[in-house]
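These are the residues of each chain, in order.
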Amino acid sequence: MTTPAKETLSATNPLLRDYALQSGVADELLDPNGVMRPVWGPFIKQLSQLSQPEITACFARGDQYLRDAGVFFRQYSTDPHQERDWPLSHIPVILHEREWAEICEGLTQRAELLERVVADLYGDATLVRDGHLPAELVAQNPEWHRPLVGLTPASGHHLHFLAFEIGRSPDGSWLVLGDRTQAPSGAGFALENRMATVRVFPEPFPQSRVQRLAGFFRAFRDAMDDLPSTEGGRTAILTPGPGNDTYFEHTYIARYLGLTLLEGADLLVQDGTVQMRTVSGPKPVSVLWRRLDASYADPLELDETSHLGTPGLVDAVRHSNVNLVNSLGSGILETRALMAFLPQIADVVLGEHLKIPNLATWWCGQAAERDHVKANAEELFVGEAFSRALPFDIGRTDGPRHDPALQTPEALSTWIDTGAGQLVGQEAVTLSTTPVWDGDRLVPRPMSIRVFAARTAEGWVFLPGGYARIGRSGDATALSMQQGGSVADVWVMRDSAVRQETLFDAKNFRRQGPSVLPSRAADNLFWLGRYIERAEGVIRLLRGYHLRLAEAGYDQDPRLVQIAEQLRLLSLDPDEAVITALNPPLSAARVSAGKVRDRFSIDGWAALADLTNSLKDLTPDLARGDDTARALGILLRKITGFKGLVHENMHRTSGWRFLTLGRAIERADGAAGVLMAFAGDDAGPGFPDVALEYADSVITHQRRYRIDPTNETVTDLLALDASNPRAILFQVTAMRRIAEDLPNARISGRVSPVLRALLPLEAQLSVASPSEMNARRLERVRIRLSEVSDRLTTNYLI
Amino acid sequence: MRYEIRLTVGYDYGAPSEHARTLVRLLPSDVPGKQTVPSRLLTIEPKPQERHDTRDFFGNVMTVLVFHEPIDKIEVSLKATVERLQPAASLDFSPDLQTLEQEVLANRNLTAIAPAHYTGISPRVPADPAITAFAKSHASTGLSTMSIVKAIGKALHEEMRFDPEATEVSTPPAEAFSQRHGVCQDFSHIMISGLRSLGIPAGYVSGFLRTLPPKGQPRLEGADAMHAWVCAWCGIETGWIEYDPTNACFAGSDHIVVAYGRDYSDVAPVKGVLRSSGDQSSFHAVDVRPL
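First to last, the protein sequences are chains A and B.
Its first residue numbered 1, the first sequence is counted upward by one per residue in the numbering used here.
Its first residue numbered 1, the second sequence is counted upward by one per residue in the numbering used here.
If we strip away everything but chain A, and leave its shape as in the complex, we get:
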């Protein structure tokens, strides 16, 4: 369609030279006459004033922010550790607040309807009894969980946090494409998109007129805190764990809202209440913002094959002792086939039509509807009735269009008859297009918006903005982010400036309860500490080996033989590539860290990633001797950098304590091992120097003893020196001090099992003389250290 207005537009604005309306498709930027909507004016004007290099620089700023923040997108159903860059489409979708208010009004009505429907399905089932909903659609629904039938949520409400996928029809009106009621994802990503977009388009872009997002999250957090609670009960996020495709978002939201991130195994149900396993013993949990599908939530009463859940969670719900946001069972509202009945149910239950219609849907379990689907199968998307996937995912990989056996009308008709109640037909959706940057100009791409709503005491509130999914091609009927589409920020614009607000409003400040550390998180931090320190020990030994090799020039030097022997005790071979030797402890460290990502600063995470990446980048055929020693030196500095970052920046809370304990145990053990090998009675010439170098204590030794290293001086410095951080005694004392601060360190004067192991060890080392510290004594120290580790585990970490 070419209109005079369009010509004017492209004539005055080269960015829009290829931007045109498509026939039968609505557009966000242009009204049906091809005239730019006024709400876009200030933004497009600013953008047009920038040169191409300036625009490129703006986009790069946003991308840099996302990379620095560690925002990534995980491609589902491929390698679970495959992360790819966050696919931000830098141009926001812009809507006027008047239009937005209408959307919110319509969705408030829909939220109310959904609450009434789910309450009925788990209550008296009058919708089924009165014939508004077929019994089969409920009874055969995998998201209708029988153990929850007859239970009323403690708060009186099933739904607290919702998302709606909406799109604009060709006639310009909005349409609900899908309801997200089980564990809606994307709100955290919406926030990240905003953070990035603000950096891409700072003032003089019309930022001050864009509605802020923080107030919504504050309102939702307060609403969760206001749910009925047992004394001291906490609010936490329940995640399926790092294997989930939106785990990053869970960690992000947990950090942003200051909520504890828990997995099913962190919880236990006792006396009908939900308790979190922490290093200080069980602590009550009153509100779980559930990001875990209900089926997996309780292996005893729901899906018995689940390894992610908490046995007894349903029983706690039965006792009204926990609020689940949203209730277990609310996922049934996402069923695709339900959309066929919601318009009529709205008339019956609310006494009014839906303000925003949903996608036209026909359930094939009914004869007339089935005939309609058969007659129009070519134009409709036909797919599984009980699926909860969004409509544009329907028939993407499954369904008749992809089955060569179903390409004749007769075959299709028989297939639909056989599938009957298992199938649903949905109107093929044509979405509106919105501007997307394509190299040097704007082009139209289809989009849908995810809108988020939270229940508060004042009713449903909406995130003023959202999360737009943008299609990859210009085809307005095909859209899937996982197929390579992108995402964009949504700006809701006012005519005048908006007051600034952030999550942390000083006036409405609420103090969080004292932080407690879940045992699983403590366990991961403890092992992170151990693995990192172990990796450092391996690097130091290897470096010692290659330095000696460079110096001696042949590998039969007794010191080399002894280091090789020591490496073999650690199941390592000095001849194998550095990457082979270091991969196990560093991978293990990364896995442990990945499980507590919500407790890491962005810099800490980046430093660890940098460390593992530089290991990967090492050439496998590094020359032995000098070259390898140099490469190991670089790794050593990076590992020290990571440790320094953690040490400098981590709060001295329980988490830091367990990380430090892990490091201390490993370091003390490493020192004992090296002393046994290089400072024993049978130590050859130059052996004590190897031990000093391993412990980075050459200078200290020189200054302190002013003689060449002997077995005694080295043992004194690395075992018994209370002020050398490389010495066993120093580390044991550090551990003992930390153990004093752990929960239950003393109960009625009696010390904890961990202290019972540490105190005598510290006393023995304090009074020992270097000559007494023979191999036998050092071996006993190592056994004691492993006892400390075991006792920590039994008393705090499981």
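Hints were generated in silico from the structure; no laboratory data involved.
Possibly wrong hints are sitting among the right ones.
Facing chain A, from chain B, some residues (calculated, C-beta under 8 Å) [claimed, not checked]:
(1) Thr54
(2) Thr63
(3) Val64
(4) His68
(5) Ala114
(6) Gly120
Just so you know, these numbers come straight off a predicted model, no measurement behind them.
Note that the Cβ used here is the ideal one computed from N, Cα and C, for glycine as well.
With the hints as your guide, set chain B onto chain A.
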């Protein structure tokens, strides 16, 4: 007929399990027209720190046990007296399959006895083409639903070999059927799968069988352990009937009901979740004596 039932099931865990939680579905309860339970007692060893009874969706008594202390074994004993009423012989008023389909669709009920729960698939009963073909071969056009139920149950009894060693509690019905062997659980799951493939709503019944037969009658298979059979919905007029494919008979005065469900997963007598890495072993002893 009045019975005294004694049952003991025990599990030995290789290593102590911390905070074990167990659901027990062993207490029989009154079933109108079928049985009354004058006395019942469930004993748990070691004594759990928490114990309460509740009714599950299907109306079965579910005993929730929680152990705060680590346990390395658990023993559950039942002692009950049950009066089993002699079912009245019923005439066959059940419709053919076409009419049955209409009656199932017309049903607007979601309570536990609604046929809608017992069609399609359930956790332990997926669809299986071989079982479907088998069921179809015994469902000639025009036959009443009840006679189809009986025909399929009888045919299964003839084709399958009862073999307590051949299958495990987790064996899928398709596998047991392809080998044509198994225990009452396999017979029942296969029959349920076959009936549902024809559109006949079918569910799982767990319970007990009289241990020693009356004089002159053969001993029934499955009397040494807990038993299972099938319930099938035969239309509005007839409602639910119960058939025992392991013994090729309608459930009668020798069958004592403990629990109803869609399949075994709804009625498992002892279901537990352990935080323990040890292996576990179990034992199981039943005595059902007429008084």
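These are the hints, each one checked on the structure:
1. Because the closest C-beta pair between threonine 54 of chain B and chain A is about 7 Å apart, less than 8 Å, the hint holds.
2. The criterion of a C-beta within 8 Å of any C-beta in chain A is not met by threonine 63 of chain B, whose closest approach is roughly 12 Å, and the hint is violated.
3. Hint status for valine 64 of chain B relative to chain A: holds, with the closest Cβ pair at about 6 Å, below 8 Å.
4. The criterion of a C-beta within 8 Å of any C-beta in chain A is met by histidine 68 of chain B, whose closest approach is roughly 7 Å, and the hint holds.
5. Residue-level restraint check for alanine 114 of chain B holds (minimum Cβ-Cβ distance to chain A is 6 Å; threshold 8 Å).
6. The restraint placing glycine 120 of chain B at the interface with chain A holds, with a minimum CB-CB distance near 5 Å, inside the 8 Å limit.
Checked against the numbered hints above, the structure violates only hint 2.
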